[in-house]
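Residue numbers (our numbering), protein chains in the order written: chain A, 1 to 177; chain B, 1 to 242.
These aren't lab readings, by the way, just hints derived from the structure by calculation.
Remember, it's a predicted structure, so these values are computed and weren't measured experimentally.
Treat each hint with caution, since some may be false.
To be verified - Some chain B residues flagged as far from chain A (calculated, every beta-carbon gap over 10 Å):
1) P41
2) G61
3) E63
4) T73
5) R84
6) Q92
7) R123
8) A134
9) R184
10) A192
11) T208
12) T224
13) A227
14) G236
What the hints assert, rightly or not - Each pair of labels, with its calculated beta carbon distance range:
15) A:D110 with B:G235: 28 to 36 Å
16) A:A10 with B:D222: 45 to 53 Å
17) B:A177 with A:A49: 38 to 46 Å
18) B:R122 with A:L83: 55 to 63 Å
19) A:G139 with B:T73: 50 to 58 Å
20) A:A49 with B:G235: 27 to 35 Å
21) A:V101 with B:E187: 38 to 46 Å
22) A:P91 with B:R77: 55 to 63 Å
23) B:L100 with A:K99: 51 to 59 Å
24) B:R130 with A:K99: 24 to 32 Å
25) B:G8 with A:S87: 21 to 29 Å
26) A:P36 with B:G228: 23 to 31 Å
27) B:L112 with A:E173: 49 to 57 Å
28) B:A113 with A:K99: 37 to 45 Å
Note that the Cβ used here is the ideal one computed from N, Cα and C, for glycine as well.
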Amino acid sequence: MQDAVLAMLAKEPSHGYHLRARLQRSLGPLGESMNPGQIYVTLARLEKAGLVVCERADGLPDRPERKVYALTPAGQQRVATWLSEVSWPKPDLAEFHLKLVAAAAARLADPVELVAAQRRELLRRMREAQRAVLAEPEGSAAVLLLEGVVLRLQADLRWLAACERAWSKVDDEVEDA
Amino acid sequence: MNVVSARGLVKQHGHGQGRVRAVDEVDLEVPRGEMLAVMGPSGCGKSTLLHLLGGLERPTGGEVWLAGRRVDTLSERALARLRRRSVGFVFQAFHLMEELSAAENVELPALLAGRSRREARRRASLLLDRVGLAGRARHLPSQLSGGQRQRVAIARALVNEPLVVLADEPTGNLDTAATLDVLRIFEELRSAGQTFVIVTHDERVAATADRLVSMRDGMFVDDTRLAGTGTGWLGGLAGLEG
Chain A
1 MQDAVLAMLA KEPSHGYHLR ARLQRSLGPL GESMNPGQIY VTLARLEKAG LVVCERADGL
61 PDRPERKVYA LTPAGQQRVA TWLSEVSWPK PDLAEFHLKL VAAAAARLAD PVELVAAQRR
121 ELLRRMREAQ RAVLAEPEGS AAVLLLEGVV LRLQADLRWL AACERAWSKV DDEVEDA
Chain B
1 MNVVSARGLV KQHGHGQGRV RAVDEVDLEV PRGEMLAVMG PSGCGKSTLL HLLGGLERPT
61 GGEVWLAGRR VDTLSERALA RLRRRSVGFV FQAFHLMEEL SAAENVELPA LLAGRSRREA
121 RRRASLLLDR VGLAGRARHL PSQLSGGQRQ RVAIARALVN EPLVVLADEP TGNLDTAATL
181 DVLRIFEELR SAGQTFVIVT HDERVAATAD RLVSMRDGMF VDDTRLAGTG TGWLGGLAGL
241 EG
């Protein structure tokens with residue numbers, strides 16, 4: 001969040017409420033849970049770290065808020081670093097995989113059942129994300145983000161289908177033996 | 001009331017040792033207004049099930065009911081009549097008549113069901129407008145994109161105000177944008193109370209349904225209600241803490 005807020009200030013100095021509106025526009029339904037004060041907490045932290053400065057502007061009569069935030073040279077540096085960083089959230093598949101292996105080995109639970117339960121949960125999430133996509137107005141920036149959420153869930157569901165096939169086969173072999 | 005129901009439904013292909021049960025003792029009830037998705041790997045029997053429900057194939061055993069009327073015992077003639085009036089089919093490959101315009105394709109089942117030319121034209125024009133193709137009414141299918149052809153096929157499926165729309169891989173030949181167009185139309189129809197049974201292998205399509213059954217080797221192996229289970233999970237997803 002800190003990096004994203006800093007990067008939004010790279011275009012021009014801005015008010016807190018303006019930053020918040022831009023964030024929410026880009027996030028769509030994913031930004032709904034954002035606490036209204038969160039942007040100010042983040043800005044205060046960035047100010048303390050010397051990455052932004054807060055200037056008191058002569059506000060317009062219809063804009064009571066007078067604080068305008070701008071990047072410091074250190075802030076600009078950090079934005080440049082953030083943009084050039086290659087990072088990607090790692091999907092946590094190993095834990096679920098190990099759960100299936102352990103459950104089968106100890107005969108604690110049927111792996112096929114565990115996969116089915118996980119699949120139901122992911123399908124409900126998929127429904128939520130898919131409906132959010134359909135509900136976004138045309139040209140919404142948030143659609144692309146929601147599309148990413150849907151595609152990830154789709155990949156997870158396909159992996160679960162592969163798990164289901166593989167573990168069903170193990171079941172059959174045990175029964176045949 | 002159930003719009004579609006099946007009891008002990010069986011479809012068997014072949015005889016003796018080589019016989020295969022494509023659908024194996026399936027029980028199903030689809031209440032009015034429900035959107036049901038059926039998922040499963042190729043060859044699990046999901047398309048055969050859809051054909052049985054829509055009267056395109058006859059079951060080897062069991063019963064099929066449409067709006068309280070048993071259909072598997074009807075004569076060919078009565079069955080064809082029922083299909084035309086009460087069931088709307090949407091297929092993966094669209095199955096439009098290539099020599100007819102979009103509007104004529106939509107009008108055709110209305111005319112076959114005995115409606116006047118004028119009424120058929122009125123319905124086709126309303127429906128093409130509803131699927132966003134008012135400006136393409138005179139185009140031939142070959143002049144339309146895949147997504148547009150499928151939307152014509154949806155309009156055609158709706159022209160006789162069917163009790164149920166049966167869709168077999170309706171987005172199987174479509175890209176993401178066209179898939180979303182189709183899902184948007186389905187969602188509109190669903191909110192208006194249309195009953196659906198959709199066979200698909202696309203998780204995205206399945207996830208828009210109210211209920212999802214999974215098929216394996218001709219049998220249902222899972223039956224999950226998806227509607228009304230929103231978790232608020234999406235809102236917490238942006239990862240904006242700190």
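Okay, the hints, checked on the actual structure:
{"no.": "1", "hint": "P41", "result": "8 Å, violated"}
{"no.": "2", "hint": "G61", "result": "26 Å, holds"}
{"no.": "3", "hint": "E63", "result": "29 Å, holds"}
{"no.": "4", "hint": "T73", "result": "36 Å, holds"}
{"no.": "5", "hint": "R84", "result": "31 Å, holds"}
{"no.": "6", "hint": "Q92", "result": "19 Å, holds"}
{"no.": "7", "hint": "R123", "result": "26 Å, holds"}
{"no.": "8", "hint": "A134", "result": "18 Å, holds"}
{"no.": "9", "hint": "R184", "result": "6 Å, violated"}
{"no.": "10", "hint": "A192", "result": "15 Å, holds"}
{"no.": "11", "hint": "T208", "result": "6 Å, violated"}
{"no.": "12", "hint": "T224", "result": "5 Å, violated"}
{"no.": "13", "hint": "A227", "result": "8 Å, violated"}
{"no.": "14", "hint": "G236", "result": "6 Å, violated"}
{"no.": "15", "hint": "A:D110 with B:G235: 28 to 36 Å", "result": "33 Å, holds"}
{"no.": "16", "hint": "A:A10 with B:D222: 45 to 53 Å", "result": "49 Å, holds"}
{"no.": "17", "hint": "B:A177 with A:A49: 38 to 46 Å", "result": "43 Å, holds"}
{"no.": "18", "hint": "B:R122 with A:L83: 55 to 63 Å", "result": "57 Å, holds"}
{"no.": "19", "hint": "A:G139 with B:T73: 50 to 58 Å", "result": "53 Å, holds"}
{"no.": "20", "hint": "A:A49 with B:G235: 27 to 35 Å", "result": "28 Å, holds"}
{"no.": "21", "hint": "A:V101 with B:E187: 38 to 46 Å", "result": "40 Å, holds"}
{"no.": "22", "hint": "A:P91 with B:R77: 55 to 63 Å", "result": "56 Å, holds"}
{"no.": "23", "hint": "B:L100 with A:K99: 51 to 59 Å", "result": "56 Å, holds"}
{"no.": "24", "hint": "B:R130 with A:K99: 24 to 32 Å", "result": "47 Å, violated"}
{"no.": "25", "hint": "B:G8 with A:S87: 21 to 29 Å", "result": "56 Å, violated"}
{"no.": "26", "hint": "A:P36 with B:G228: 23 to 31 Å", "result": "29 Å, holds"}
{"no.": "27", "hint": "B:L112 with A:E173: 49 to 57 Å", "result": "53 Å, holds"}
{"no.": "28", "hint": "B:A113 with A:K99: 37 to 45 Å", "result": "55 Å, violated"}
Hints 1, 9, 11, 12, 13, 14, 24, 25, 28 from the earlier list are contradicted by this structure; the remaining hints agree with it.
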